[in-house]
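Student: Chains as they are written, first to last, in the working numbering: chain B, 1 to 401; chain E, 1 to 175; chain F, 1 to 167; chain W, 1 to 134.
Hints were generated in silico from the structure; no laboratory data involved.
Accuracy of the hints is not assured; some may be wrong.
Stated by the list, open to error - Capping the alpha-carbon separation at 30 Å, the derived lysine-lysine pairs in DSS-like fashion look like this: (1) B:Lys170 to B:Lys99; (2) F:Lys78 to B:Lys170; (3) B:Lys376 to E:Lys15; (4) B:Lys376 to F:Lys163; (5) B:Lys99 to F:Lys78; (6) F:Lys163 to B:Lys170; (7) E:Lys15 to F:Lys163; (8) E:Lys39 to B:Lys69; (9) F:Lys78 to B:Lys107; (10) W:Lys133 to F:Lys163; (11) B:Lys376 to E:Lys9; (12) E:Lys53 to B:Lys69.
Stated by the list, open to error - A short, non-exhaustive set of chain B residues, derived as facing chain F with CB atoms under 8 Å: (13) Asp143; (14) Ile144; (15) Leu147; (16) Trp148; (17) Phe150; (18) Ser154; (19) Leu155; (20) Val157; (21) Ile177; (22) Ser181; (23) Glu187; (24) Leu204.
Stated by the list, open to error - Now the in silico label distances, taken between C-beta atoms and shown as ranges: (25) F:Trp7 to B:Arg52: 51 to 61 Å; (26) B:Leu320 to W:Val102: 57 to 67 Å; (27) B:Lys69 to E:Asn153: 26 to 36 Å; (28) B:Gln266 to E:Gly162: 40 to 50 Å; (29) W:Leu83 to F:Leu95: 32 to 42 Å.
Backbone N, C-alpha and C define an ideal beta-carbon position, used for all residues, glycine too.
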Amino acid sequence: MDQVIAFLFEPLPFLIWTSLLKTFFVLFGAILPLVSLAVFAERKVSAFIQDRIGPNRVGAPISLIGFKKDISLWGLGQMVADPIKLLLKENFIPNSVNKFYYYIAPKLTMIPPLLVLAVIPFGSSFLTGPDGKPVPMVVANVDIGVLWVFAISSLGVYGIVLAGWASNSKYPFLGGIRSSSQMISYELALGLSVVPVFLICGTLNLTQIVDWQIQNGWLIAPWLNLEFAWWKVALGVLLPISFIIFLVSMFAETNRTPFDLPEAEQELVGGYHTEYSSMGFALFFLGEYAAMIAGSGVIVTLFFGGWSFPGIPDGTATWLPFGLEQSLPATLVWLPGAFWGFVNINVFFAKVSAFIFFFIWVRWTVPRFRYDQLMKLGWIYFFEIALVNIFLVAAVLVYLK
Amino acid sequence: MAIVVQRPKLSLAEKLYLPAVLGGLFLTFKHFLRSLGGKSVTMQYPEQRWDDKLPPWYRGAPTLVKDEWGRERCVSCQLCEFICPPRAITITPEEIPTNDPWAKVEKRPKEFEIDMIRCIYCGLCEEVCPEQAIYLRKDYAITGYSRAEMKHNKEKLYELGGVMPGVVNKWNENK
Amino acid sequence: MSLALFWAFAALMLIFGIGVVLLRNPVSSAMCLVVSFVGLASLFFLLDAFFIGIIQILVYAGAVMVLFLFIIMLLDLKAERARKLNLPALGGGILVLAGFIAILVRVICSEPKFAAVKPALAQSTTNDVQAVGVTLFTQFNLPFQIIGVLLLVATIGVVVLSKRELK
Amino acid sequence: MTEPTPVPAADPYSLEALPQIPFDQILSAQPTLAQFLLVSGLLFAIGLAGVLLRRNIIVIFMCLELMLSAANLSLVAFSRFGLVNGMPNMNGQVLVFFIITVAAAEVAVGLAIIVALYRSRQTTHVEDLNLLKF
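Just chain B, same shape as in the assembly (with noise of 0.2 Å):
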């Protein structure tokens, strides 16, 4: 018995908290809030682009409180409503549906995305462990990591097709079907598009992909830290190639317009959600957004430097701006560090929403592509693109560098 009471009281090991902190951190301080306020500025980018004005009426409901009028906060309060409205409704069942599968699919598209995130390293490492060494700012440092992006995002194709059919509906089965061969075909498109990058770091790890491009440039304009090389003139030419062909594909995995074929409202009602109602389509909802904040993490962390930006220290660092670090009393040494680090994460997220605003932005300019259309681009021109492009990031790197 004191043994159990001494395992149960036992601190846990610091790997262990340390990665719960971490996956609390991101899960509940930066992935849902980010994922409300993408559904917020879905509305009012989209707005703006058609030369309206969007929510801009619910705030802090002061008035209920006895004030005389509400604070509308540019409309800031709709990311709270929306989700609160999507719950309080009726979750409809309809009577034909295959139940099991029926509850199952909302909740497995909305995991993988969240599972994505372990692996993207989302700041500078300016703790240390019990250990002495620095406790890298991801949940799970794998070398492995991009491969887990890749298998784990291919498995966010199950909830839809298994929406889609559970549904016993014509169109949300058209949907399903469409979404499945689509994922099929960009996945091949968007995983040879990446292995120039592996060809040039040399390994799979994102923490360390980061590594390279802070010592390197970043991978997107090899030439940033104007260091002149020939080879990095010529990856400069073809990493670009690489990384439209790996957004396009992303845009495909996403289901974002204009590959929004599984969802095509004027063709498919509502595609594979329309018997979906109340929290079942809100996780829908959600795990859209969720899969585009995952795909931004990736593609920020592959082609623009992750949490790093010329000119920012990481969380090694040991001064702070206008010379502060000379005013701080012995026990604060730290504070440097911790602060730039704070930075870093920053840094990550402002580029991680820069993304996702490209996505809102693109899908309220670019039609929808036809069926045909999508496939030939995936298998015909993708595909083919991005193979001849690893052999020449192949032969720039043996004969250039």
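Start from chain B and add chains E, F and W according to the hints.
Tutor: Chains E, F and W only, in chain B's frame:
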């Protein structure tokens, strides 16, 4: 005979889509910035209204009008009740007593009801009225919390309609 | 911990594997197989074969099973009807399986080498992506090329088979 | 002089006879090769049972995949337990890699054949495919 429309030959830049996509992105971004600067076309409804921009022929809620001497124009001929396509109008006529100053006309409405849930704003009542007593005015936001509230009675109709001076004064001695 | 995880994942894999066999609906079978493969990949992770494990998820769960689901839905396969049990065949099958498992247990228990506990590695990180790559491109280069040709042949074969009619 | 009471022989069917792991070693206990091989064999048996019992050709195909995966598991287990210079023997893992590749190709061709079969016979039931039976 079928006419085969030749597809236009695309140049390389057009085949790549990307220049066109970028052009579209710049266009939408221009609109985005414009709206961000506050130049969107949206009218903020409950505060800003159409009212002063409505054309004179606007067909809002049907109302009853009085002439400039405060006399009810309606003579309860019930033509509007007859013509109304959704049968929204109900008129209860009443004889005008002989000691009334307007006794030259035989009838006036005792009760005049328009069910605004039924009304389709077609304007046929206005057209058919020989006395020009019923007019479609500019009120368009007719709302209420109950069905009873949506039934406009005589007072409400006169309140909405107000006075419409001298158009037809066939039965008017003052003419 | 490792042992507990091993039994947990093995149980996950085996239970859902049984689900593949026993569930009548083909879609349920396919989904059970996906979960079973995820359990198998976890066992690979326990064996420090991270690359193989993730490839297992990527190829099987991510692509092959989606293809299976796609075909099941395309052909609109309904659940298998319950049919009359062919008792001699069933008995024979069970006999074969029981014999197989008995022989398996006998062989595994008879070899003392198999009782070895998982040995510790010389280095803490395996970097098995690099190790597999080096082995693949040096020692097994010819088989690798042959596999490439096989994939090409398979691709052509699938295209030919999927054509509506041969001309 | 009293005789020492004889110690009763351990009951082979008692709880004490089971191999027990001390509580403080639960976190560090490692599985053995035999356990991996046993699980792999059971998975193979399940796959075999599926091939014998099921009549839907697609489900039979899935059970074949299960059997291939069972082989993969034992290969990886052997590779991890037979260390070379303290590191796993990569030959086994490369073989698994080949098996996965070939299996993927096999699935693609097999499913194409099934679709072609379904087009001509409108069934995926193996008992209905008895043209060559006499």
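Student: Take the hints in turn and mark each one as holding or not.
Tutor: Against the structure, the hints:
Straight-line distance between C-alpha atoms of Lys170 of chain B and Lys99 of chain B comes to about 17 Å, which keeps the hinted pair within the 30 Å bound. Distance check on the hinted pair: Lys78 of chain F and Lys170 of chain B sit about 16 Å apart at the alpha-carbon level, within 30 Å; holds. With a C-alpha separation of about 13 Å, the suggested pairing of Lys376 of chain B with Lys15 of chain E holds against the 30 Å cut-off. Restraint check for Lys376 of chain B and Lys163 of chain F: the C-alpha separation of about 17 Å stays at or below 30 Å, so the hint holds.
Only pairs whose Cα atoms come within 30 Å are accepted, and Lys99 of chain B paired with Lys78 of chain F is accepted, the gap being roughly 16 Å. With a CA separation close to 26 Å, the supplied pair Lys163 of chain F and Lys170 of chain B stays within the 30 Å bound. Annotation: proposed proximity of Lys15 of chain E to Lys163 of chain F holds, straight-line Cα distance about 29 Å (limit 30 Å). Under the criterion of a C-alpha separation no larger than 30 Å, the hint pairing Lys39 of chain E with Lys69 of chain B is consistent with the structure, at around 25 Å.
Taking the CA atoms of Lys78 of chain F and Lys107 of chain B, the gap is near 25 Å; set against the 30 Å cutoff, the hint holds. Our distance criterion of 30 Å between C-alpha atoms is met by Lys133 of chain W and Lys163 of chain F, whose separation comes to about 28 Å. Restraint check for Lys376 of chain B and Lys9 of chain E: satisfied, since their Cα atoms lie roughly 19 Å apart, inside the 30 Å limit. Distance hint between Lys53 of chain E and Lys69 of chain B is fulfilled; the C-alpha atoms sit about 28 Å from each other, no more than 30 Å.
Contact between Asp143 of chain B and chain F, as hinted, is supported at the beta carbon level, the nearest pair being about 6 Å apart and thus within 8 Å. The interface hint given for Ile144 of chain B is met, as the beta carbon of that residue sits about 5 Å from the closest beta carbon of chain F, less than 8 Å. Checking Leu147 of chain B against chain F by beta carbon gives a least distance of about 4 Å; that is within 8 Å, so the hint holds. Checking Trp148 of chain B against chain F by beta carbon gives a least distance of about 6 Å; that is within 8 Å, so the hint holds.
Checking Phe150 of chain B against chain F by beta carbon gives a least distance of about 6 Å; that is within 8 Å, so the hint holds. At about 3 Å, the closest approach between the beta carbon of Ser154 of chain B and any beta carbon in chain F falls short of 8 Å, and the interface hint on this residue holds. For Leu155 of chain B, the shortest C-beta to C-beta distance to chain F is roughly 6 Å, which falls under 8 Å, so the interface hint holds. Using the Cβ-Cβ criterion of 8 Å, the hint placing Val157 of chain B at the interface with chain F is satisfied: the shortest such distance is roughly 6 Å.
With a cut of 8 Å, the hint placing Ile177 of chain B at the interface with chain F holds, because the nearest CB-to-CB distance is about 6 Å. Here the hint on Ser181 of chain B is kept, as its CB sits about 7 Å from the closest CB of chain F, short of 8 Å. Because the smallest distance between the Cβ of Glu187 of chain B and any Cβ of chain F comes to about 7 Å, under 8 Å, the interface hint for this residue holds. Interface hint at Leu204 of chain B: satisfied, since its Cβ lies 6 Å from the closest Cβ of chain F, which is below the 8 Å cut-off.
Separation of Trp7 of chain F from Arg52 of chain B is about 59 Å and conforms to the stated range, judged on CB atoms against 51 to 61 Å. As the Cβ distance of Leu320 of chain B to Val102 of chain W is approximately 59 Å, the hint placing it in 57 to 67 Å holds. Hint check: Lys69 of chain B to Asn153 of chain E, Cβ distance near 35 Å, so the stated range 26 to 36 Å holds. The beta-carbon spacing between Gln266 of chain B and Gly162 of chain E, approximately 47 Å, falls within the hinted interval of 40 to 50 Å.
The hinted window of 32 to 42 Å between Leu83 of chain W and Leu95 of chain F holds, with their beta carbons roughly 39 Å apart.
Hint compliance for this structure: no hint is broken.
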